[in-house]
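Number of protein chains: 4
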Amino acid sequence: MATKKELLQHPIRHIDIKQHNVIALVDAMQQMAYSSRDLGRAASIYERMLRDRECGVILCLAGSLISAGLKQIFVDLIRNNMVDAVVSTGANIVDQDFFESLGFKHYIADELLKAGTEDGMLRELMIDRIYDTLIDEEELRICDDTTKIIADSLEARPYSSREFIREMGAYLDKAGKTPEKTGVDGIVYAAYEKDVPIFCPAFSDCSAGFGLVAHQHERGNRPKVSLDSAKDFYEITQLKIANPTTGLLMIGGGVPKNFAQDIVVAADILGSDAPMHKYAIQITVADVRDGALSSSTLKEASSWGKVDTTFEQMVYSEATMALPLITGYAYHKKAYAERPERRWSRLLEPVTA
Amino acid sequence: MATKKELLQHPIRHIDIKQHNVIALVDAMQQMAYSSRDLGRAASIYERMLRDRECGVILCLAGSLISAGLKQIFVDLIRNNMVDAVVSTGANIVDQDFFESLGFKHYIADELLKAGTEDGMLRELMIDRIYDTLIDEEELRICDDTTKIIADSLEARPYSSREFIREMGAYLDKAGKTPEKTGVDGIVYAAYEKDVPIFCPAFSDCSAGFGLVAHQHERGNRPKVSLDSAKDFYEITQLKIANPTTGLLMIGGGVPKNFAQDIVVAADILGSDAPMHKYAIQITVADVRDGALSSSTLKEASSWGKVDTTFEQMVYSEATMALPLITGYAYHKKAYAERPERRWSRLLEPVTA
Amino acid sequence: MATKKELLQHPIRHIDIKQHNVIALVDAMQQMAYSSRDLGRAASIYERMLRDRECGVILCLAGSLISAGLKQIFVDLIRNNMVDAVVSTGANIVDQDFFESLGFKHYIADELLKAGTEDGMLRELMIDRIYDTLIDEEELRICDDTTKIIADSLEARPYSSREFIREMGAYLDKAGKTPEKTGVDGIVYAAYEKDVPIFCPAFSDCSAGFGLVAHQHERGNRPKVSLDSAKDFYEITQLKIANPTTGLLMIGGGVPKNFAQDIVVAADILGSDAPMHKYAIQITVADVRDGALSSSTLKEASSWGKVDTTFEQMVYSEATMALPLITGYAYHKKAYAERPERRWSRLLEPVTA
Amino acid sequence: MATKKELLQHPIRHIDIKQHNVIALVDAMQQMAYSSRDLGRAASIYERMLRDRECGVILCLAGSLISAGLKQIFVDLIRNNMVDAVVSTGANIVDQDFFESLGFKHYIADELLKAGTEDGMLRELMIDRIYDTLIDEEELRICDDTTKIIADSLEARPYSSREFIREMGAYLDKAGKTPEKTGVDGIVYAAYEKDVPIFCPAFSDCSAGFGLVAHQHERGNRPKVSLDSAKDFYEITQLKIANPTTGLLMIGGGVPKNFAQDIVVAADILGSDAPMHKYAIQITVADVRDGALSSSTLKEASSWGKVDTTFEQMVYSEATMALPLITGYAYHKKAYAERPERRWSRLLEPVTA
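Protein chains in written order, with this note's numbering: chain A, 570 to 922; chain B, 570 to 922; chain C, 570 to 922; chain D, 570 to 922.
Heads up, a few of these hints could be off.
[Said to hold, decoys possible] For lysine-lysine, the following PhoX-like pairs were computed, each having C-alpha atoms within a straight-line distance of at most 25 Å:
#1 D:Lys743 x A:Lys902
#2 C:Lys674 x C:Lys574
#3 B:Lys574 x A:Lys868
#4 A:Lys868 x B:Lys674
#5 A:Lys587 x D:Lys587
#6 C:Lys587 x B:Lys587
#7 B:Lys587 x C:Lys674
#8 A:Lys763 x A:Lys587
#9 A:Lys587 x D:Lys902
To be clear, the hints were calculated from the coordinates, so they are not data collected in a lab.
Based on the sequences and whatever the hints tell you, model everything.
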């Protein structure tokens, strides 16, 4: 049997779109067929939404994307003013991004481990597997514990996930887990610095959930931190009301996709005549024919009054292949050059500024 | 252009597994190959978990399942003591099941509408589309409003989604929206009667979210209802601790799958030596190769210490085809006959009883 | 290491649709959504095409269907006059159906073998794997040899695959490999008895190819049997010309689907004003978005003038799940009761009769 | 209604991998997860097989690839000595590549046409659709007619598809349809010049089938050209025997994949102790779980003794996205620089040289 050390040797390296000028390649793809043409059109739409100075850009993340080597892309989008808010599954933000900022890594699994026949052995070694990637579960437990430490330090009241994640950024800052000191940048930290709000509508469904359950268990009947997911929805709706022109860059589907699309309806319910999302891109491998949300087309979303169909594009591709091309195209086109900074966190938390 | 009335003529009818004895058919499928054999094995595992008197059964729902004609199956599972807890997306529970209990219906869309080229017309008619199914958006707004009415009526404090959904059941009872009076049964109501807890870990991401946002907006700085998703996680973990042997029947993936699997780890964090889920079935069309949670295999979950692999089965099929066969098999085998009622809601809310 | 005998213990059993009256189940599926509704509609279209007395029915087979336990369905369709011609991959007809008629079987593979990590061991044991099914390669070599024996016995000239397959039926008859004597029925034999022509447009791409290569190698420059695939196309086009109203029941895509669809155009080229296929059903898991033939929609085929769109239905499902329901529905509805026998083989080979 | 001219305005442009140095991008993908890592590994294996001077490389093509803008890649592989033989569906070679060499083009379809709701209109305009791509059917009929002209000009005897396709190359040469004269290069022509044999094992299933059916119909009982698909199998097996070390670069599955894999077994049957394919790459979107050939893994092929598993890689991606990266990587790495030219057509047809 292999040892833990032998299995956790080769870390995932995050792709750096700044190093790869893909403009000519993506332009060529636009003249072809199938997914390459769709990808080319999606890249153009992303460029267009960045050049639209009225447009606030919301990035939606589902699926294990950080562990897959896409973290640096999201960091670059935040640091280069190419995204104004993030909606994500908790796993990407806490178990994977915050985890790496704490000093841990994801590892390349040997091809044979994908088959799953060795998962019992991994279990014994306390190694967790995500398809072809490995994680040290003992390190993940430290991440769980850290969220408890953060919860313990907060005033007892309901928090939106955004508020809690901002506290995670502040924690990294105080603990010296910053790119300047450790050489490791991350989404939580970059968003903290750039006042980009991050929402996790199912925030208990991740490493933070473990920390919060432990916190609440320990507090018993005493005052405690709670997670108000309705407050998340309320806050993000305020952004739509304040900045009616919006665009979505969605990787995967699930709760983040639905949540971000729903703010159009929520704004309407709050009495604001907000328009549909003007731009929308989704990268997914989900199959449209089961009627599930993850794969529902952006045209379908237009029947719900959520997404306009003039500038929408589904790209049926696994994200590690499509995302570097789409975001790299917009980056090298310098589509962000004239964009105003929005610093939406300040809008939600005026006292922060 | 068609009128709304013309488009909303043919309601979806929910399949009734009690009418279809599929035992011989499913037994035959076990001797074949591919998905039919997997389905046959899944049906056997479901039968086995029901016959295991120690085993608490958790049903996980993701994807638009109620609108698709599967509601009566879930009602029958609850009423026949074939499931002890439910974890679901909010849409299934509120926008679709509670919606139907309020007296509304889902409608069969004409084949041509699937293509999406008529979604602009649907938008104008205030008709929402789910792939091949239509909903009257004006009726859906009534559903949103009803959740606000419920929220307005509650004591201002943090609620788990389970507590709120139980209040939705109580509302139906008080409002006379019961099967006895309207002829329409539903998951929320049956679970209310049978003390089966329902958890929606991303509860703001549905019709209830709209109601709660409106509620919180109106309350402003006054005390208000909030949704504590950490409390959800805490409560469901208590069930695992109280009843260590568990089995999962999962339709789709997403947050419900992850949330239910994670309670094994959460129990461990709370100091309880809970075993992995002993049985696990997942029906999905998700593609394993994007590394996403929805499609991660049950073997992969075993590397995380969440699911035992002796009795696990993935069935790669769209749920409307596979679920009637799997549940119908266990029903007609009378696998539930000797099962103890668990009435887990009482465990979480002793004062209710 | 397991022995060959241990691994080849549990034979695949072919499902018998005659034993399962699925009418009520399939009728219920028509009132639901997604694949079940599509399946219900496909079953209705198959019933309708059988009741249309003008309509000749062509069955198209791609994918490993016989090894998967679907053989008896095709035998029943032939024997009950529910199909008039077959277009197939060679593997289904020779390596799997003829193979079973020679007295061999397919075996259920243990779940763990699916992962592929034991394929080296299987190789050493001379066991071939089809996903979750096993074949004794030594038996398969006997099947290859038998096709050489048949080729050696024939007059040296170009043959259509149909002619060669008919000789395979005659061989079984002469060799006493008949259902009466062995208890094993098959597609090749039933089609031989019922004068249903079978076409394999890529006939060298199967066990028969091995036999024919050996035959041609041995003959060297002497006269030899050759396979004229243009003759196949010519013959099947004659059927379309003789019987202009046609319907397609397609399982999988690939060459059989394209070949059967193309006869409309071929008839036109030969100066016959043949109409498009009036009915068309396809069962497939193929993804439409790669532009490949297997997954091209039947609507797309209508742009080519091949398939009418009034009665067409794609069913996105793995065939072992959908086919027993679709064919069982038409069988129990007795849709074939008034159909005239076509005995199309006689049309192509008048001297046979 | 749009006119034909309006719809056929924007031609597909074939991507030119020589213009895009993707080495750094693909190297970065190897350090990530999921499909990008698989793609990176596939590119390395292709480089490795080209550097192995013993290795003959067989390219397998299924799916509509030429119409999708991939033609120039295959031309470049042939002209730069990066492939030694081609196995393809007929459509790629005749209906699409030869068609373009005759002077015709494929066109970009408007996004809305994908849905299929306008296929009746396309039918009336004699425009054929391949997902998001359009073809002028009147031009396609000229392509059909040209194959008849070629058949009419040949000596009446059985031909392998390879022999016939070589005659198509000679026809282009004689008719002045050469890159020098028209500016349009193609697979058929490049392979003719470079003595790279092309096999279409289901050759009647394409535009050439229409020409040959018309030829045979006109000839009636007189001597005629026939297509001997067994001869195809015999010929390609001779290549394996002459050059035992082989590698496969497969796009899509279907008949080409199976045919090329089967030559290992055929060589064995002819008494030659040929090794398994030493290298194998497949790019596909096919789903492994239906047991079909297109999606059967390369590990599964090793149980059949067809493919060695040391250097094999499946890439689950639509080909227009993955192929430019994989082939571009090997091209820019100059992996072909030291490769010997094989000119395998001469081996099969010594008199040609």
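When the hints from earlier in the document are held up against this structure, which numbers fail? Checked against the structure, the hints that fail are numbers 1, 7, while the rest are satisfied.
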